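> Start counting the sequence shown at 0; every next residue gets the next number (numbering that gives the first Met the number 0).
Derived by calculation from the structure, the hints in this document are not laboratory data.
Don't take every hint at face value.
Claimed, not checked - With a straight-line Cα cutoff of 27 Å, these simulated DSSO-like cross-link-like pairs (lysine-lysine) come out:
| id | residue 1 | residue 2 |
| --- | --- | --- |
| 1 | LYS136 | LYS149 |
| 2 | LYS255 | LYS13 |
| 3 | LYS4 | LYS176 |
| 4 | LYS96 | LYS4 |
| 5 | LYS6 | LYS176 |
Bear in mind that the values here come from a model prediction, so they are computed numbers and not experimental data.
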Amino acid sequence: MSQFKEKVFAACAKKEALFDESLGRYALRSMLAGAYLTMSTAVGIIGADVIATGIPALSRFVFAFIFAIGLVFVLIFNGELATSNMMFLTSGAYYGKIKWSKVCAILLYCTFFNFVGALILAWFFNQSFSFQHLTDKSFLVTAVSTKLGKTDWMNFTEGITANMFVNIAILGYMLLKEESAKIFIALSAIFMFVFLINEHLIANFASFMLLGFNGVRDAVDNFTLANILRQWVVVFFGNWIGGGIFIGLAYSWLNKTKTPHID
0 MSQFKEKVFA ACAKKEALFD ESLGRYALRS MLAGAYLTMS TAVGIIGADV IATGIPALSR
60 FVFAFIFAIG LVFVLIFNGE LATSNMMFLT SGAYYGKIKW SKVCAILLYC TFFNFVGALI
120 LAWFFNQSFS FQHLTDKSFL VTAVSTKLGK TDWMNFTEGI TANMFVNIAI LGYMLLKEES
180 AKIFIALSAI FMFVFLINEH LIANFASFML LGFNGVRDAV DNFTLANILR QWVVVFFGNW
240 IGGGIFIGLA YSWLNKTKTP HID
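Could you put the whole structure together from the sequences, leaning on the hints where they help?
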């Protein structure tokens, strides 16, 4: 059996067992994942604003690098992230290790509590000195305005590519042996999708809620509930295709072979 299949089978068994045993503990694991990404998003925003006072062109570099650290937190501390579950659970369903009904239930539950974790941390950060002094020139305002101004097709396709990057990071972290290599592949893959301003649902939970609790939200004209929900729904399905089909099902099919050449 390939290492990929072993990891997928183990992940599906673990996630289903955790979900079935205690919805409360699974909710907390999901909240922590949303919280970790909100933490790195918040620090990245302030870092981008600080560097912009001297070298504006470096703002995106700084934000992308700091944000990527949040995924490393999720991986090390066993958070439940919906966008990585899209790969594991879709692959597990393909192999018959988990029912599609359970896949949908876990994904929706995990997504909701990723949002709750992001919401709570966003509120806390907005009580801080740094976020009390944001202006309408902040990196946060520009980023959210850009995301909400995209078409559905753009959000959908960027959702696909973003979660391909994310699950490359997850697979690399899962398959590599050396800790330094694990960290490098995770940071580099996440940096790439963030620098491209591609769309990742849980990252958007973080940035949108950080803005939502801040007075500078009035600087974003299209920051409305209907527009936010439109963006999130489209990105959710884009992320599922990118992580679940383009990475999860692709590698599942590649490993369903009778030859010794497995991935």
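> Just pull the numbers of the violated hints for me, sorted ascending.
none
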